[in-house]
Amino acid sequence: MNRPDLGGLFLHFLLLWFIAVGGPSAILPDIHRYVVEVQQLLTSAQFAEIYTLAQVAPGPNVMYVTLMGWYLAGWRGAAATTIPLLIPATTLTLLVSHLNERYPNARLGRSIRRGLPPITIGLMFSGATILARAVNHDWRGYAITLLAVAVVLRKPLNPLWLLAAGALAGIVGLV
Amino acid sequence: MEQKESEKLNVTPLALFFAFSRITLSSFGGALFWTRRELVERRRWVTEREFVELLTIGQLLPGPNVLNLTVMVGYRFAGWTGAAVSVAGYLGWPCLVVIGMGALYQHYGAVPQVQQALAGMSKVAAGLLLATVIKLAMVLPRHWRPWLFGILAFGGVGVMRWPLLWVLSALAPWAVAVAWRERE
Numbered sequence: 001m002n003r004p005d006l007g008g009l010f011l012h013f014l015l016l017w018f019i020a021v022g023g024p025s026a027i028l029p030d031i032h033r034y035v036v037e038v039q040q041l042l043t044s045a046q047f048a049e050i051y052t053l054a055q056v057a058p059g060p061n062v063m064y065v066t067l068m069g070w071y072l073a074g075w076r077g078a079a080a081t082t083i084p085l086l087i088p089a090t091t092l093t094l095l096v097s098h099l100n101e102r103y104p105n106a107r108l109g110r111s112i113r114r115g116l117p118p119i120t121i122g123l124m125f126s127g128a129t130i131l132a133r134a135v136n137h138d139w140r141g142y143a144i145t146l147l148a149v150a151v152v153l154r155k156p157l158n159p160l161w162l163l164a165a166g167a168l169a170g171i172v173g174l175v
Numbered sequence: 176m177e178q179k180e181s182e183k184l185n186v187t188p189l190a191l192f193f194a195f196s197r198i199t200l201s202s203f204g205g206a207l208f209w210t211r212r213e214l215v216e217r218r219r220w221v222t223e224r225e226f227v228e229l230l231t232i233g234q235l236l237p238g239p240n241v242l243n244l245t246v247m248v249g250y251r252f253a254g255w256t257g258a259a260v261s262v263a264g265y266l267g268w269p270c271l272v273v274i275g276m277g278a279l280y281q282h283y284g285a286v287p288q289v290q291q292a293l294a295g296m297s298k299v300a301a302g303l304l305l306a307t308v309i310k311l312a313m314v315l316p317r318h319w320r321p322w323l324f325g326i327l328a329f330g331g332v333g334v335m336r337w338p339l340l341w342v343l344s345a346l347a348p349w350a351v352a353v354a355w356r357e358r359e
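Here the protein sequences come in this chain order: A and B. In terms of this note's numbering, the first sequence is numbered consecutively and its last residue is 175. In terms of this note's numbering, the second sequence is numbered consecutively and its last residue is 359.
By construction, these hints were calculated from the structure, which means they are not laboratory data. Since we're looking at a predicted model, the values are computed, not measured. Positions of the beta carbon are idealized from the N, C-alpha and C atoms, including for glycine. Hints may be right or wrong, so weigh each one.
[Said to hold, decoys possible] DMTMM-like, lysine to aspartate or glutamate: derived pairs with alpha carbons at most 25 Å apart:
#1 A:Lys155 - B:Glu213
#2 B:Lys310 - B:Glu225
#3 B:Lys310 - B:Glu223
#4 B:Lys310 - B:Glu228
#5 A:Lys155 - B:Glu357
[Claimed, not checked] Output of the computed footprint for chain A on chain B, the stretches with three or more beta carbons under 8 Å from beta carbons of chain A:
#6 268 to 275
#7 300 to 309
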């Protein structure tokens, strides 16, 4: 594995957060592309483990980027991946919420609200398939993934129970 | 907007910090549920309708949607200080927790049971993300056009593995332009 270039990491994450329509799951595929495929800082399996650990922790899902930075280069790495996410939230968010309160029916605003969600969904689906391929090596793995999908779609259950069940299935050697 | 209602409230930066700390530390498996419960039901700082409006803006903007909402709520009640302390409460604790977990993982990650548990959990985590996408896709209009954009985004980013910036630069203006013309 290569050594991380923190400046490059910071700039790439900063760029991504400015185009992260749909939030942290929409940029998951591009973070994977950059960190695993282009820079080769992590293996695909390590990437998936870091993502999973962050899902178990309290707080927003986005913390996987912090953990990834910390894993790559300690506190400085965590800063390089976390600070970028604050920048669009403080600049663009305040600007747009101001404009939106002022012109709630602007045609451009409405077109953006209608036009972008399908793209976000396509991006999140990309992230989900990349993760599913990174963590599954045989049909039993895919069966667990699909079982989790089926349960979530049927029952309003706290996802932590499912993660705990997955951990148990792993320990007893089901997968 | 029922803004008058919330502008009358006197919310201190300290109260904002505690509210967002509490939200984030209870947020196991997604922050949205707890954010609504704290801000709308428990503290009554924003009305149900305001919450949906703030969330919609937060979702459309780049970045984590609940973080964007945090910035807006903090700014509304206590200006820049409010925004800063809300973000500190919301992101500060999880940063520490997640790094603590990372440290544990570096020490115990090689233990076979930990490896197996993590392998099992990561299969579920992939399923959770997939289920979220399916739920979101179900609210798309029953029309071929939005699906076309979704499939193109998946093809470019998920299959071809092209950089997100290229794919979005090509697709986003096109999708917005189509939605613009549809309004007639």
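Which of the numbered hints are not met once you compare them with the structure shown? Those not satisfied come down to hint 5.
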